[in-house]
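> Spelled out, the chains give:
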Amino acid sequence: MQNTLAHLKRGERGVITDVSSIHIPLKLLEMGCLPGNLVKLVQLAPFKDPMYLNINGTHLAIRKETAIHILINKI
Amino acid sequence: MSKQINVALIGNPNTGKTSVFNALTGLNQKVGNYPGITVEKKQGICKLNRGVKAHIIDLPGTYSLNASSLDENVVIELLLNKNDKDFPDIAVVVSDVENLKRNLLLFTQIKDLQIPTILVINMADRMKYKGISLDIEHLEVQLNTKIALISTRKNEGIDYLKQLISNYKDISKNACSNVFDIDKDYFNSLQQAFPNQLLYKLWLVITQDVNFGKTDRNEIDAIADFKTKSKADLKRLQQKETIKRYQFINNVLKKGLTIDTSKAKDLRSKLDRVLTHKIWGYVIFFFILLIIFQAIYDWSSVPMDFIDNTFASLSEWTKNHLPQGAFTDLIAEGIIPGLGGIVIFIPQIAFLFLFISILEESGYMSRVVFLMDNIMKRFGLSGKSVVPLISGTACAIPAIMATRNIESWKERLITILVTPFTTCAARLPVYLIIISLVIPEGRFFGLGYQALTLMLLYLIGFGTAVTSAYFLNKILKIKSKTFFVVEMPNYKLPLFKNVALTVIEKTKSFVFGAGKIILAISIILWFLASYGPGENFNNAENIIKTEYASNHLSEEHLEEKIASYKLEHSFIGIAGRTIEPIISPLGYDWKIGIAIVSSFAAREVFVGTLATIYSVGSDDEATIKNRMAAEVNPILGGPLFNFASGISLLLFYAFAMQCMSTLAIVKRETNSWKWPMWQLAIMSTFAYIVAFIAFQLLK
Numbered sequence: 001m002q003n004t005l006a007h008l009k010r011g012e013r014g015v016i017t018d019v020s021s022i023h024i025p026l027k028l029l030e031m032g033c034l035p036g037n038l039v040k041l042v043q044l045a046p047f048k049d050p051m052y053l054n055i056n057g058t059h060l061a062i063r064k065e066t067a068i069h070i071l072i073n074k075i
Numbered sequence: 076m077s078k079q080i081n082v083a084l085i086g087n088p089n090t091g092k093t094s095v096f097n098a099l100t101g102l103n104q105k106v107g108n109y110p111g112i113t114v115e116k117k118q119g120i121c122k123l124n125r126g127v128k129a130h131i132i133d134l135p136g137t138y139s140l141n142a143s144s145l146d147e148n149v150v151i152e153l154l155l156n157k158n159d160k161d162f163p164d165i166a167v168v169v170s171d172v173e174n175l176k177r178n179l180l181l182f183t184q185i186k187d188l189q190i191p192t193i194l195v196i197n198m199a200d201r202m203k204y205k206g207i208s209l210d211i212e213h214l215e216v217q218l219n220t221k222i223a224l225i226s227t228r229k230n231e232g233i234d235y236l237k238q239l240i241s242n243y244k245d246i247s248k249n250a251c252s253n254v255f256d257i258d259k260d261y262f263n264s265l266q267q268a269f270p271n272q273l274l275y276k277l278w279l280v281i282t283q284d285v286n287f288g289k290t291d292r293n294e295i296d297a298i299a300d301f302k303t304k305s306k307a308d309l310k311r312l313q314q315k316e317t318i319k320r321y322q323f324i325n326n327v328l329k330k331g332l333t334i335d336t337s338k339a340k341d342l343r344s345k346l347d348r349v350l351t352h353k354i355w356g357y358v359i360f361f362f363i364l365l366i367i368f369q370a371i372y373d374w375s376s377v378p379m380d381f382i383d384n385t386f387a388s389l390s391e392w393t394k395n396h397l398p399q400g401a402f403t404d405l406i407a408e409g410i411i412p413g414l415g416g417i418v419i420f421i422p423q424i425a426f427l428f429l430f431i432s433i434l435e436e437s438g439y440m441s442r443v444v445f446l447m448d449n450i451m452k453r454f455g456l457s458g459k460s461v462v463p464l465i466s467g468t469a470c471a472i473p474a475i476m477a478t479r480n481i482e483s484w485k486e487r488l489i490t491i492l493v494t495p496f497t498t499c500a501a502r503l504p505v506y507l508i509i510i511s512l513v514i515p516e517g518r519f520f521g522l523g524y525q526a527l528t529l530m531l532l533y534l535i536g537f538g539t540a541v542t543s544a545y546f547l548n549k550i551l552k553i554k555s556k557t558f559f560v561v562e563m564p565n566y567k568l569p570l571f572k573n574v575a576l577t578v579i580e581k582t583k584s585f586v587f588g589a590g591k592i593i594l595a596i597s598i599i600l601w602f603l604a605s606y607g608p609g610e611n612f613n614n615a616e617n618i619i620k621t622e623y624a625s626n627h628l629s630e631e632h633l634e635e636k637i638a639s640y641k642l643e644h645s646f647i648g649i650a651g652r653t654i655e656p657i658i659s660p661l662g663y664d665w666k667i668g669i670a671i672v673s674s675f676a677a678r679e680v681f682v683g684t685l686a687t688i689y690s691v692g693s694d695d696e697a698t699i700k701n702r703m704a705a706e707v708n709p710i711l712g713g714p715l716f717n718f719a720s721g722i723s724l725l726l727f728y729a730f731a732m733q734c735m736s737t738l739a740i741v742k743r744e745t746n747s748w749k750w751p752m753w754q755l756a757i758m759s760t761f762a763y764i765v766a767f768i769a770f771q772l773l774k
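Heads up: the protein sequence lines correspond to chains Y and R, in order.
Take the first sequence: its position 60, counted from the start at 1, is 60 in this note's numbering, and no numbers get skipped.
Take the second sequence: its position 316, counted from the start at 1, is 391 in this note's numbering, and no numbers get skipped.
This is chain Y alone, in the form it adopts within the complex (with noise of 0.2 Å):
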């Protein structure tokens, strides 16, 4: 099943799977938030945002309505 980023609980990790959308913006994956990834959500804000992750070893927080347009499969 197709899971977004937004998706993921305290601790689970996914494969970034899909990030094209425009709605992403071009710094994220710069920063290494590519398909292919693996991505760790490490920690959530009250309220569920930001979200703290770590993606491919490189540790971010970005807000829930960034993490809603990037898919992942959950491992």
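Lysine-lysine pairs mimicking PhoX-like chemistry, simulated, CA-CA at most 20 Å apart:
#1 R:K345 to R:K205
#2 Y:K9 to R:K345
#3 R:K176 to R:K205
#4 R:K304 to R:K276
#5 R:K176 to Y:K40
#6 R:K329 to R:K203
#7 Y:K74 to Y:K64
#8 R:K549 to R:K485
#9 Y:K48 to R:K353
#10 Y:K40 to R:K345
#11 R:K128 to R:K160
#12 R:K353 to Y:K9
#13 R:K128 to R:K78
#14 R:K248 to R:K237
#15 R:K259 to R:K315
#16 R:K567 to R:K229
#17 R:K353 to Y:K40
#18 R:K160 to R:K105
#19 R:K329 to R:K319
#20 Y:K48 to Y:K9
#21 R:K353 to Y:K64
If you are wondering where the hints come from, they were derived from the structure by calculation, not from laboratory data.
This structure is a prediction, so every number in the text was calculated from the model and none was measured.
Given chain Y's structure and the hints, the job is docking chain R onto it.
Frame of chain Y; chain R shown alone:
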């Protein structure tokens, strides 16, 4: 003869770029702004061997050459403009060993601009600990460059880096990837249209418009007409370019980098579990705030008193030792107190920057941004607005300068506009004296009324800041990309050298930046209070002596009466009387009016002005307080400073934009007079209305 080469330091944020800069330049550095914009420009000199000097420019941290903030745009503007006097002879890309892959993205882009580029791999001391090993030779061949493996923490490898810089002519200029395969037809036609230009440079110029809006590009203006692709298509191509670059990098690193994850010990995740926890995270943040407040108020009071006394005695000394006359008065009553008014804030500002730079260096600040983003977002602010709002409790000036790393212009502008509402240190003297006059000393559940009032004023300040942010967010129709991507760097022990240099640098820039304005204002105020038109002012001495001839006043008392009479008829006194009809509905007389007008430049002037007006020579608080308590309201009778007028004044000072220096900084940071003027008009009107309502209800 000594020769100078330009070296540009470029790198991702949090790679220790500033440490490398500090290691190379030490105290030989200066900070300014890029012409026309407020992005900080750090440069310094590094002596290389054989009498060669390197002029080192520390460029703002950037993840790539695709700009999304003003800071990042500076990097591209410099690298695209060969005619810039700072155009680098050599680029030094600073990366950190743990995020090498991501850092190499920027490296390959700069390489494609055919600028000689050295790769610095910093934090080499962590390699063993993280189980990382590098094949430097392999990487040098693949990336077609020279690599310096260094550790700024242990001061290793800096000499080798200097050696590489001085031999910059040996570094290859060749590009190391071919990203144009992503759309051969498009790039071929682009090259044919502009055969004399570097293809990657053309591509950058075209795409900057997509990312960042118009950039000033003198050389290749014609490119604007070369539009064969839509913005969406261009963005897709940029995404493809990024993927292509990562493919290249992955290939290079396959052999060049090995990570043995079993060796990695993870301190970060343990700390993060606590510091970003949804309860403990906030508790710890709250305690850190308490410590900062404590430092700003308590610890800095000793040096502040010392500075205050020193300037007071300096002024006294000048009066006694220089020949009498207007010039001496200007120095003793205008310039020295004016300078004192700036210097006295040095301890608070230094403490504030000490803490902020420690929090930033250690990596904690990103966690605060993460914790606060959701709350701030509801008010149209960003998690990154927390830092300015905290700093605002010391002084709005450094706070507004701290908004620079907010990517979204709208969020940044709103932060700049609301920060002056937070209760800064300059309001304290005003608050303290008025509270002691009008609030009784009783207790409520063990808490003093006076202390509660002060706390309430702080809450009102912060509350107004976020509420006005909420409305500004609804009103302002600014289109700006509001994305939020924050890197959470690894925790690090702050380097003393970096913290010290930041504190010195920021304090210096405050003293000289705001100082010039405060000094000018205090000279003007002195002039307006020391001169006046007509008989009343010029013959003050005779008039008072005649009037009080029968009262047998002491010499000192008589002098005070004369000074007070003179002030009443000076230019500023006349101004006070003129505005009396406007301010009397708020419960103030013309004397308070003068104090308000003169404290427009800076709030803390209020107490000093009243001290002069109530003919008290010193600003001994008890004495002014007694005088103020004895004042009678000319219209309504009863004490002038009663509960109603006192509350009205407190609220007026809570909201009014009584700070020239803040206006000047807002002008500089927004690059227009429009915003500071709006800020002045709206805050003052609001302050007036609230004070009016408070007085009319309470009187």
